[in-house]
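Listed below are the residues making up each chain.
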Amino acid sequence: MTLELRNVIKRVGADTHIHETRVRFAETGFNILLGTTLAGKTTLLELMAGLTPPSAGEIWFDGKNVTGVPVQKRNVSMVYQQFINYPNLTVYENIASPLRVAGLARAGIDNRVRRIAELLRLTPLLARRPAELSGGQQQRTALARALVKDADLVLLDEPLANLDFKLREELRDELPKLFADRRCTVVFATSDPVEALLLGGHTATIHAGRITQFGPTPEVYRQPADLLTAQIFSHPPINIAPIVKAGDAMVVSDAVRWPAPAALRRLSDGPYVLGIRPHHVSPLRNGHQAAQIEGRVQIAELSGSESVIHFAHGKLSWVSHSPGVHPIEVGGTTRFYVETERCLYFTADGARIGA
Amino acid sequence: MGKTENQKAWFFVLPVFVLVAFNALIPLMAVVNYSVQETFGNNVFFFEGLKWFEEVLHSDRFHASLLRQLAFTGTILAIEVPLGVAIALSMPRRGPWVSVCLVLMALPLLIPWNVVGAMWNIFALPDIGLLGRMLNGLGFNYNYTQQPFSAWATLIAMDVWHWTSLVVLLAYAGLSAIPDAYYQAAKIDGASSWAVLRHIQLPKMKRVLTIAILLRFMDSFNIYTEPFVLTGGGPGNTTTLLSIDLVKMALGQFDLGRAAAMSIVYFLIILLLSWIFYAAMTREEGRS
Numbered sequence: 001m002t003l004e005l006r007n008v009i010k011r012v013g014a015d016t017h018i019h020e021t022r023v024r025f026a027e028t029g030f031n032i033l034l035g036t037t038l039a040g041k042t043t044l045l046e047l048m049a050g051l052t053p054p055s056a057g058e059i060w061f062d063g064k065n066v067t068g069v070p071v072q073k074r075n076v077s078m079v080y081q082q083f084i085n086y087p088n089l090t091v092y093e094n095i096a097s098p099l100r101v102a103g104l105a106r107a108g109i110d111n112r113v114r115r116i117a118e119l120l121r122l123t124p125l126l127a128r129r130p131a132e133l134s135g136g137q138q139q140r141t142a143l144a145r146a147l148v149k150d151a152d153l154v155l156l157d158e159p160l161a162n163l164d165f166k167l168r169e170e171l172r173d174e175l176p177k178l179f180a181d182r183r184c185t186v187v188f189a190t191s192d193p194v195e196a197l198l199l200g201g202h203t204a205t206i207h208a209g210r211i212t213q214f215g216p217t218p219e220v221y222r223q224p225a226d227l228l229t230a231q232i233f234s235h236p237p238i239n240i241a242p243i244v245k246a247g248d249a250m251v252v253s254d255a256v257r258w259p260a261p262a263a264l265r266r267l268s269d270g271p272y273v274l275g276i277r278p279h280h281v282s283p284l285r286n287g288h289q290a291a292q293i294e295g296r297v298q299i300a301e302l303s304g305s306e307s308v309i310h311f312a313h314g315k316l317s318w319v320s321h322s323p324g325v326h327p328i329e330v331g332g333t334t335r336f337y338v339e340t341e342r343c344l345y346f347t348a349d350g351a352r353i354g355a
Numbered sequence: 001m002g003k004t005e006n007q008k009a010w011f012f013v014l015p016v017f018v019l020v021a022f023n024a025l026i027p028l029m030a031v032v033n034y035s036v037q038e039t040f041g042n043n044v045f046f047f048e049g050l051k052w053f054e055e056v057l058h059s060d061r062f063h064a065s066l067l068r069q070l071a072f073t074g075t076i077l078a079i080e081v082p083l084g085v086a087i088a089l090s091m092p093r094r095g096p097w098v099s100v101c102l103v104l105m106a107l108p109l110l111i112p113w114n115v116v117g118a119m120w121n122i123f124a125l126p127d128i129g130l131l132g133r134m135l136n137g138l139g140f141n142y143n144y145t146q147q148p149f150s151a152w153a154t155l156i157a158m159d160v161w162h163w164t165s166l167v168v169l170l171a172y173a174g175l176s177a178i179p180d181a182y183y184q185a186a187k188i189d190g191a192s193s194w195a196v197l198r199h200i201q202l203p204k205m206k207r208v209l210t211i212a213i214l215l216r217f218m219d220s221f222n223i224y225t226e227p228f229v230l231t232g233g234g235p236g237n238t239t240t241l242l243s244i245d246l247v248k249m250a251l252g253q254f255d256l257g258r259a260a261a262m263s264i265v266y267f268l269i270i271l272l273l274s275w276i277f278y279a280a281m282t283r284e285e286g287r288s
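So the sequence lines, in the order shown, correspond to chains G and U.
In terms of the working numbering, the first sequence has 46 at position 46, counting the first letter as 1, and numbering is strictly consecutive.
In terms of the working numbering, the second sequence has 8 at position 8, counting the first letter as 1, and numbering is strictly consecutive.
Simulated from the structure, these hints should not be mistaken for laboratory data.
Note that the structure is predicted; figures quoted are calculated from it, not measured.
Do not take every clue at face value.
[Said to hold, decoys possible] Dumping the calculated BS3-like pairs for lysine-lysine here, alpha-carbon to alpha-carbon at most 27 Å:
(1) 245/G x 177/G
(2) 51/U x 248/U
(3) 73/G x 187/U
(4) 166/G x 177/G
(5) 187/U x 64/G
(6) 206/U x 187/U
Next comes chain G alone, as it looks inside the complex (with noise of 0.2 Å):
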């Protein structure tokens, strides 16, 4: 079942929470929202809901225009940061409310229940109540919830971000197999790039109210269409510098320069704008075409496995993220590795060369 959002705008007093957009989401896989706190994709999935209306636009879904269709006539559930469920109620009976409102048999409802319930792992907490769940088995519920009627759309606002750490890994993992034999589009923002390229599917990256960019998830990350999209879609931060096309060199700093790439030979000379994700500036040389950068170390993160280390090359700050642990010394300069075959350009204006 296809959603699509055709020139959909939401406006809320002056402001413009949405600007125009239009968006074929794909009907299998996770569609993912990708954007920071108030970007809009809450506002986006109101909008898909139908908890909200479009100040401009139509919504279509299945091939029907559901535009002014209330939330009640639609066949959609939904899941929160916030874990929510029915307080007093027992497990059983919020996984059971749905179809208790839809009005079906006493014996259906026990057969889906328990079957999602299984399948959730809340088989034995079908008779706690939601105070008596850890975060992890609360969200389990509403998921149940959720899953149980069986929706045309089901909508995630960020369901792991109120997570510990071991149960968001853990839950993350078992979603995709939740939705894998499911007749349903599902929608699921967030804040996190790891979570989104861990997703796969598709994502659309969202910043201020505009969609920059939709497509298959590695697509959008690999290919991004725009600097704006670059920085939502990496983690750590991807490095931002400017860099001047001086006939066929780049060139960072006096000492900083390499080649130009064949996509680049047309055009003409001038500032641009480079971008290049973390995990592609290493400390170490490891066989990819690369040019040296030297830098001051102002920040090193080694955890276990990998380093993260924060230098100065002239006023920009840089950072690397490799594997493995190197002994860095705070204060010292120490040379760095560009994969200059990853680098990614663009124009003043954001837009990508080569895109």
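Model the placement of chain U on the given structure of chain G, informed by the hints.
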């Protein structure tokens, strides 16, 4: 590193000890002292043991006052709690009217208690009061200085007017703390507004309502000023609640021993009932 030990700390705690001693402990012990003795004045006391307690607990007068008190507290709780919740539910959740509503609601709470009594005393006078005159004009035979029913109705109306706001403000605070996502989720489920009240709003308000009921219970059980100004316990003894009875006994009849024993019984009743209320209302949380 060892800490330097000295007795300076006592110096800082001392004011609290003195304060508590003078406003709670010493008066309370004085009452206990009176409750087991008899005096005929001239500072001469005779030890009487538990005689006053036995008399108070067996006296019809105390039973009648206690019964009136229970009826009064029960009635105002039965009215103020549902009414307060209903008003809180109908107040706007956001926008410029919120503060207007909150200020209007808070107004009765700011009026001194004896002023409330005096206001209603005049408001309800059958010959010149706005309410009394109107009721009689409408054909009701209303006179709170003569008829027990009129007196009770006025007393309860006055308390509801004065104190429902407290329940409203607490219930409203509870409602405001419910995230919007709960209402959205209920809307998506297609839940009725009754289901929203029953399964979201009331359970989420449970904690503040427990506090509201406890506060209203304790305050109404102690009520003195307003009925004293309004009816003075009359007509006859029909609105003589426990505290009014107690003051009559202690200051009117100067029956210190009996009044002291009654004070202690009165205090223990409030303590016991509050504990029962609290235990009953938090029973489920304790179980989980």
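So, going through the hints one by one against the coordinates:
1. 245/G x 177/G: Roughly 48 Å separates the two Cα atoms, so the pair is violated.
2. 51/U x 248/U: Roughly 20 Å separates the two Cα atoms, so the pair holds.
3. 73/G x 187/U: 10 Å, holds
4. 166/G x 177/G: 18 Å, holds
5. 187/U x 64/G: Given that 27 Å is the threshold and the Cα spacing comes to 22 Å, the pair holds.
6. 206/U x 187/U: 22 Å, holds
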